[in-house]
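Starting from the given sequences, assemble the full structure and let the hints guide the process.
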Amino acid sequence: MPSATSIIVGASLAVAALVFGAQIYECIRHMRLGRPAGPFGNWPARLRCVVLLVLGQALLFRFPGTGTAHFFIFWGFVLLLPTIVQAIGEGLAPGFVLPFFATFGPLALLQDLIAAAVTVAVLYGLYYRLIVRPRRYEGSHHAEGVLVLCFILTIMLTLLGTNGLRQNLGTAHVAAGWQPLSAGAGRLLAGLSPGAQHIVERVLWWTHLGVVLVFLMLLPGGKHFHVVTSAFNVLLRRLEPRGRLAPSPTGAEGVQNIEQFTWRQMLDWYSCSECGRCQDVCPAYAAGTELSPKVLIMSLRRHLRERGRALLSRADGRRHEQRQAVLARRLVGDVISEPAVWACTTCHACDTECPLCVEHVQPIVDLRRGLLASGRTETRLSTALESLRRYGNSLGKSDRQRARWTTALDFRIKDIRREPAEVLWFVGDYASYSPTAAEATLAAARVLRAAQVDYGLLYDAERNAGNDVRRAGEEGLFELLRQKNTAAMSKCSFSRIVTTDPHTYNTLKNEYEWDGRAVVVEHFAEVIDRAIAAGSLRVRRLDRVVTYHDPCYLGRYNGVYEAPRRVLRAIGCTVVEMPRSGDRALCCGAGGGRIWMEETGTGERPAVARMREAASLAPKVSCFVVACPKDLTMYRDAVKTAQLEDAIAVKDLAELVAEAAGDGTEAPRA
Amino acid sequence: MSGEICVVAEVVRGELTEQTFVSLAAGRKLAGALGCRLAAVMLGADVAPLAAALGAADRVLAVEHPLLADFNPEAALLAAESAVRAAGARACIFCHTASGMDLACGVAHRLGAPVVACCRDFTAADGQARYVAVTCGGKIIVEGTLPGPVCVVTVMPGVLRAEQGRSDRTPPVERISPPAGMESVRTKFRGWIDPPAGDVDISRQNILVSVGRGIQKKENIALAERLAAALGGVVTGSRPIIDQGWLPPTRLVGKSGKQVRPRLYLAVGISGAPEHMEGVPAAELMIGINTDARAPIFDAAHYGATCDAVQLMPALAAALGK
Amino acid sequence: MNIVVPIKFVPDPVEDLQIDPSSGLLDRSFLRLIPSELDEHALEQALILKERHGGTVTVVACDTGDVDETLFTALARGADRAVKITGDDFQQGIGSRRMAAIIHAAISGEPCDLVLTGTQALDDMDGFVGALLAERMGVPYIGYVTKVEIAGNKAAVRKEYPGGLNAEIETALPAVLGIQAAEKPPRYVVTAKVMEAMKSRRIDEKPGEDPGEPFTFPDLRMALPEPARRAEMLDGSPAQVAQKIVALLRERGLVG
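Protein chains in written order, with this note's numbering: chain A, 366 to 1035; chain B, 28 to 349; chain C, 18 to 273.
Some hints here could point you the wrong way.
[To be verified] Computed beta-carbon distance windows for the label pairs: (1) 71(C) to 783(A): 51 to 59 Å; (2) 172(B) to 268(C): 39 to 47 Å; (3) 500(A) to 261(C): 32 to 40 Å; (4) 250(C) to 172(B): 30 to 38 Å; (5) 981(A) to 261(C): 32 to 40 Å; (6) 855(A) to 172(B): 47 to 55 Å; (7) 250(C) to 947(A): 41 to 49 Å.
[Said to hold, decoys possible] Listed below are the simulated DSSO-like cross-link pairs for lysine-lysine, each with C-alpha atoms no more than 27 Å apart in a straight line: (8) 216(C) to 101(C); (9) 164(C) to 215(B); (10) 210(C) to 762(A); (11) 201(C) to 245(B); (12) 261(C) to 1005(A); (13) 210(C) to 849(A).
It should be emphasised that the hints constitute simulated quantities derived from the structure, not laboratory data.
This one's a predicted model, so the numbers in the text were calculated from it and none came from an experiment.
Even glycine gets a Cβ: it sits at the ideal position worked out from N, Cα and C.
Laid out in structure tokens, this is it:
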């Protein structure tokens, strides 16, 4: 005859399992509405990721305080899992003892210590949430966060308490020496009579089990679902190079309804823990636009649930109207605002920061594809796209004038369409046409020559490489540009490509197909780094104190951080790092086609904030060095807005190298 | 055939437009080159009050009809045709404006005459009349002998001084009966819509910093504002700037906007296309800033520079000590 | 409601224009032709009216060069039909007068309630296509239109005057309207849709009934304006130019 306890525990467990299971089932049903994903290969690499990011919690430590806390909470969860199994087992069958896991002393010690660590971590978490109140939690489900922390705290304290009391009552499964902290907790209550202690122990035990089961039921519905999904999310992460976007799940239409995303993307949204790390590093959010990568993912998750239910339900009568109302809600327009979709600079800071490998940039690009396909463009973007389609550049200038900048040189650059060269210099729109970037382009031409690089240009045959066209959502135009460039390049003889533009660099390297031809794509900094090291470019020391801004598409996307710094050191500059450097560098705001669009932010522009960051460095820097023509444009503008023109000069790497190489390669003082 | 030169006067809101006098000035030149008389064609409900101002012409040919009180393109076309036929014109001059352009081609077609559009001057050579016109946004100058025996021309706004089309004389007025068919015209004039009130009247400002496409981004308007403040003036713009909503329509300088005669007109990033230059018939000092040395703005400006507008504006504000 | 939108192709103002010394006229050999900007507005306005009132939009162009891409783009934007009028010497350029005659011949016999075209084009030298076409069709013409409302067989339009003044005029259809600006800027259509149109849609080709150039313009010569003919150019960096400007302003008492 099962005892009352067994029945209650059994029934509660069944209910909890059903509720939990039903929610999982619903999530799976919703994911099955999504487009196919995969194939997923390279399992060794995937498993390595899981070890590093899930077991090692590596990315979390980028925020050291909460990262450490979460490390312990995670491992606490893993190591204390047997105690939950034990508790349930005991509940169903009194006297149940989990073999090994409940009796192995060293494990019990580890569990004891970690339970304490988790308690401290949770208290720190509560302090962080309630007292520190960091900005990255803005928009997250705050109450849920606090509640779950309280749940975990309760589970820890009831565990320690129960163990401690069992030590006192002699019903523990291991010796007291193996549970020093629990035993300590027990000693606090040793003053009570055995009967009272037994009651307290029962209360704590039921509380423990009850909170666990309640947590279980709430788990799939909120941000703690990541507990279940995160390992899968990391395991199934995209292993393609960051700089290569995935094609649209629907082809030409882009994503206009949520079920047009892939199920893999949907899994991402279930894994989002609303930690806000992405939001913290997002330049669009900092600029006060409507975009928060975190809120985007949360909105997608919520809408998937809502629309998934509507799509799968068979509603009649009054419910039918409600169902229609839900189905009528537009993904971009009602759920996510259009300005939010356009505000993204595709800088990849969010994707880089996310500890769960959630992708934010890809869904935004998919949504942009959908907007453009349905005729919804951003105000100024259409002008740039028309210009790109007609002239192959976004500045409305004739393609025949693309190489006009070369007339200011006193030497002729090879026309690679007519004669072979070792290196093709793919110049790019801004470097070719923008008056602000002109001096830097000329400097680069002179420096490459001084470094004895055998290079040529495509002259008028060059078109915008398409990086930002693709990221603005015009996939068809990207393909057209790529095709034209590829056709032009296929007739030429070269083995390497160099560019001063990281956007060009990224797409040529990651998204162009070379048909078996061995082509190496490099940034100007990499070429000059090598030339200086090999002695083919002689430079003198400039003896300046500078700071270097990592371009998003060179640094974060393609991992080139050291080459430009080596070049700066080689020309005698002391490089002082800004607080946000390397893969934490703050985007200038021009990427993803943003330079073609209207500014919508209500706050300070990221480029201006960046200037202030540079100007407040110690030791004081005289020069803000960039390695991207768009950065040059944005920061030369920002330094004026910030009124720091007298304090700090914005220079392209090429200009400094030209100065250091001297002998007529120096750009004339304009 | 009297071989007259006819200038079709333009009336907007009950007033003769400035362009009418520019066209009369052009007409006088053309009449001189051809050795013809000059007639002004006036269409309206009651032309007497206005006809007196057309003394630069030798006579006024008036067509009066209630439907001509405000510009009704269909009715005006019928009336203009009948007047020009009655005159036996050698050449017929229309203003290259909203009303003139509605009529020029219709009259030309009915007379079986060619159209020479966008004229800016007439001269005489070997007893022939020659015209100078512009095309391709002012980037190309066209010259030729005025075709015969009859021809229709349109004259660009502001290309000659309106003073040369005014006179103290009172011309004789000859009334021509309105043509048949006026009553069955299918077009109706419904009313005027006034421009929005408020904001500054740029035509009364002495110093204007005018921006065009060359400033590239909306954000750079702020640079123009700073400069304008430093100079004690206001910011105006060309059509593309207003179309994009970077400045309100009250700040539009040009054909569809206001005509200004400031002491200083700083044209920043403006190419100087005719539609815009119509808005600046005179400026004491005009300085053009455009990276294209061939931009038409430099034909009208007193001084110019080919540096980047976005760099010049703050440099100038700084040089002014602000 | 059937709307016809004639599109004129004009020299691209972004390019440097050259004069052919042998003919004294525009050098057309390397000229790139683009659809007239105001004709694109006319097409946009036509598409807006179609969305509101139903009917068809037909785009018509003379084959003066590479017109196919523009016609396919028009189809991708929502036009129902594209007609390309072919002729032996069209590639040398067609004046407005001749173009109006050719287009009139091509569209007469087709149902047409409304013709929308740009009020003028960049290279109009001998007239404006819309006004000339209206004459041939024997229908009313109103130019400088920025707003069109259709009610039954009447069109109520807004005609733009200088200084922000506007007039409201009503006329009966069929009519020709010269568009100065569409209600909204011409819509962007993604390249994928244009490519799809190129694959799946057809351009109707029609041989042109061409009366030839009706008039001769004796002694026609073209020239480029001399660079900076009247302005005295100031050299130097923006900072240096700024100093020179300040000096000019001080000279004239425009600044203290």
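Verification of the hints:
A beta carbon spacing of about 56 Å between residue 71(C) and residue 783(A) agrees with the range 51 to 59 Å that was offered as a hint. Taking the beta carbon of each, residue 172(B) and residue 268(C) are about 44 Å apart, inside 39 to 47 Å as hinted. For the hinted restraint 32 to 40 Å between residue 500(A) and residue 261(C), the CB-CB distance of approximately 49 Å leaves it violated. Judged by the Cβ atoms, the range 30 to 38 Å given for residue 250(C) and residue 172(B) holds: they are separated by roughly 34 Å.
The hint said 32 to 40 Å for the Cβ distance between residue 981(A) and residue 261(C), and at roughly 36 Å that hint holds. The hinted range of 47 to 55 Å is satisfied by residue 855(A) and residue 172(B), whose Cβ atoms lie roughly 54 Å apart. A beta carbon spacing of about 47 Å between residue 250(C) and residue 947(A) agrees with the range 41 to 49 Å that was offered as a hint. Pair hint residue 216(C) plus residue 101(C) holds up; C-alpha atoms about 17 Å apart against a cutoff of 27 Å.
Only pairs whose Cα atoms come within 27 Å are accepted, and residue 164(C) paired with residue 215(B) is accepted, the gap being roughly 16 Å. A hinted pair counts as satisfied when its Cα atoms are at most 27 Å apart, and residue 210(C) with residue 762(A) qualifies at roughly 25 Å. The straight-line distance between the Cα atoms of residue 201(C) and residue 245(B) is roughly 19 Å, inside the 27 Å bound, and the hint therefore holds. For the given pair, residue 261(C) sits about 22 Å from residue 1005(A) by alpha-carbon distance, which is consistent with the 27 Å threshold.
For the proposed pair residue 210(C) and residue 849(A), the alpha carbon gap of about 18 Å is at most 27 Å, so the pair holds.
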